[in-house]
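Asker: Chain by chain, the residues run as shown.
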Amino acid sequence: MRYIVAVALLGATCTVWAAVPLRGTGAPGALLLVVAAVCVSAGLLRLVRKDSGQQERYVFPGLFGGLLYTANDVLLRTGWETGAAVSVIVLEALHPSRPWHTGLLAVAVACYLLAVHQAESAVPAAVFRGQSRVLLASLVLVVVATGVAMVPASSTQSGWLEILAALAAMTAGGLALPL
Amino acid sequence: MTPAATGRLLVNRHLTWRISGHARRLFYVALAGLALAVVARRPEFVAVAAPALVLLGTWRGPKPAAVQVSTQLSAGRVFEGEQVAVDVVVTGQGDSAIELVLHPADGIEVVRGHDRAATSPARLSLAVARWGRYWPGFVEVVVWDRCRLFEAHTFVALPELDCYPLPALHRKAVVLGPLASRSGDHPARTPGEGAEFGGVRQYVPGDRQRSINWAATTRRGRLQVNTFAAERSEDVVLIVDATSDVGELGSTTVDHALRGALGVARTYLDARDRVGMVFFGERMRWLAPGLGDRQFFRLIDAVLAGRAGWSSGNDITRLPRAALPPGAAVIAFSPLLDPKFVETLRDLRQRSFSVTVVDVLDITPKATRDRLERLAERIWRLERQALLFSLGELGITVVRWDGADQLTLPVRRRTRQPVGIRR
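For the record, the sequence lines run as chains E and F.
Numbering of the first sequence is given in our numbering, commencing with residue 2 and proceeding in unit increments.
Numbering of the second sequence is given in our numbering, commencing with residue 695 and proceeding in unit increments.
Chain F extracted, bound-state conformation:
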């Protein structure tokens, strides 16, 4: 296997020819026709055997000993639900006919009507439904001789494919904590050189002429200037709770948490904020806050790398200081099922972090007719209410999100409007 510079994989495959099912059928029909002709002494049954025998007579046609197969994915990284084209080129088959069949691996779906081809070059398609790092499957190359009496099969594995969680729709960057002194997109309470209008005050030497408010100056008889709010950035730390993963595959709590976290990360990174992420799973891992598109893809790569082993909680409840810059806004995505994670949230609040929890649990225990099970379900609901109440008492806002709606809606009420600036 030779990886080319363009990501195209070129392989050379030796062919092992074997009798095709078509030839087998022709053989049996010819045999039946000839046998009946001889046994029943009826020459017309030779006519039944004739087409099959003539077709079988072409068995010594030319057959290539090897073919070269090159495969290339149209993209090595896709988001959930996107389609990937697989370009396949087969050379060296001569006059033989070829057939390409795409065999997807688990978690990969073929696109109906685009999973087979009989030409070279050909473009097949596959779709990835759930995030993860995949080996997408293989392409089966079937080579037929001229009359299709012999066939050769060879298999070529496809290159690795990364599927990113589809970020949730989230448009409003919420200011949750104190803003840092770096310039950003959030209007701060202090005056500065931003675009948000702050107020009008009297001109003092040193003020820029272009900020003079002529209407106010005419009205008051003295020079007046406009003031603006400073624009600052925020540090946001997203916590993904992967200690519990419940729900149907593709819409589990971890799926919702990752999609929501990436949607929020996208929004804050677009607003020039620094975003970090903490993965709270079997092993705690974190990425220090960073800026820009590169940080977004770094977050996604960290998500893909840490998929395995997220099944049980760890013993750490106190998040390390390196993962949490002072004054950072913390947004946690969790089903709130793991007591250790709840303890971590309490610890964060006690350390004066502004904490918002997005509850991603969208399923509840099913009520049955059994009295004990109904009682257990009721107790579970009461415990859950008590948990949410206790978090609220600590000043932790908990909002529910089922993974389907836009994430802006539950978080919107936390939005802080800029206030007037006085000097």
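Chain E with its partners taken away, still in its complex shape:
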């Protein structure tokens, strides 16, 4: 249950962090905020339902019962967390460039996905110790990519060089990892 609480907190944090300030993003921003909120809530509901076990089903449930079963199936089978993460990232992209803000969002989204996975399974969190190097390297790369983005760009090649530099740093970091 505590992992579900963690998922709720991280999901809400990511959504709010990516949405603030909402002014200037227009209608797409509001739409993405709604989508992200719905996805986070539905993902939470899915985890809670999964935790509460399988419910008894009737052979002839009736119209209302059939609709309930269909809604339940949709709830359990849809990748709500993927939708939440992607919509949060796109919502962040609607804002003007703010690298440090995006960097923190990257960390929060990664934590959200790990928490979701943790809440889905009964595997204890100690298993993440085996991934500590990988997670640490991820954090370093987030910092590097964010730092690269904060370097003032040249006027003509705006953005491309920084992207390539960030990708190169990530590739180098990935290759250097003792996996």
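The set of hints was computed from the structure by calculation and includes no laboratory data.
Check each hint, because a few of them may be wrong.
[What the hints assert, rightly or not] If the Cβ cut is set under 10 Å, some of the chain E residues that face chain F in the computed set are:
#, residue
1, V17
2, G67
3, L68
4, L69
5, A72
6, V75
7, I90
8, S98
9, V135
10, L136
11, V149
[Claimed, not checked] Chain E regions said to be covered by chain F (calculated; three or more residues, Cβ under 8 Å):
#, stretch
12, 23–36
13, 42–48
[Claimed, not checked] Pairwise CB distance ranges (calculated):
#, chain 1, residue 1, chain 2, residue 2, range
14, F, A1070, E, R3, 56 to 64 Å
15, E, T71, F, N706, 35 to 43 Å
16, E, G63, F, H847, 32 to 40 Å
17, E, R99, F, W711, 38 to 46 Å
18, E, R78, F, L725, 38 to 46 Å
Glycine residues also receive a C-beta, built at the ideal position from the N, C-alpha and C atoms.
Given the structure of chain E, go ahead and fit chain F onto it with the hints provided.
Answerer: Frame of chain E, contents of chain F only:
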């Protein structure tokens, strides 16, 4: 599947690995981050993709090709409501993480908090609510690679489990008919070597010195000895009427009948009586009276074996002589809904058996506002009263039992007190 000597089932399972939902989510986040970085020319979104890409980069970690799973139930036979522990041991997974999930079959309930585990060996728990012979379900073993990008699922069936009806609480063995000549626990009307005090009489040569009553001897001036009642056993035949099964699952009339019958059987077997059972259902089956714990479990096994097909009555109304020893006390558990069974009871009484009926029907037709339905319900009640009256006229005692109370209470008034012994 290799059944070991201890009842442990050991299976070897080959694993088929597939991409996990976690990896899928990481992939989409990485894709979104990189796409936004390229489309919007904003390098900070590479940072969003970075953790996901690094985690996805570990996809070539070691993955075991097979695991060995061993399962064992803590008990193969339980009573209703008892819990069973399932010990699961997984070997051969190496560094991979495992998760065990218990999937119960119909009629089996998992114990909250004990239906999942992430260690090996692990102990999961399940509970059985209703009697029967069950295949309790299966254990799902999920194996994850080191970074949980790939997962493999395998399923292992659990061994068969027998759930016995919980015997009703019944403490008083009632003497309903003539006692046999075998020694037992019931005080008989004849003198003997039991523990029940019978009276005092004058000493005759051959009497044991230890039975001399010195107080009476002093008072009367002649040697007086104590006498005791003999202790005899009884033959009891329990009839379970399974021709009608009404009520909610778990508290149907057949459930009540079986629980009551086993409670009574337990009491009489403890009193060293011989107990037999007749199953009056689609097919009539019986177990000849027997003694001891072995007979109790034989009765239960017969109950479990005969569960299927108890839905309609048979055409036999006369119970065979082999199932009924002469002078046996007959205790029938029935909702008294089947006319053929009522005919059987009448036949038993005409054959001079002492018959007691425990009426296990604890539901009645629901009264509605419809006039015809109310009339039908009233007629049903009147017919029922007439039936009970006619059975009473034949000398058949009918007591009601709803399955919840102690069975001693309705049967107590049939208890026969020992009488003084005269010589």
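Asker: Quick check: which numbered hints come out false for this structure?
Answerer: Failing hints, ascending: 1, 2, 3, 4, 5, 6, 12, 13, 18.
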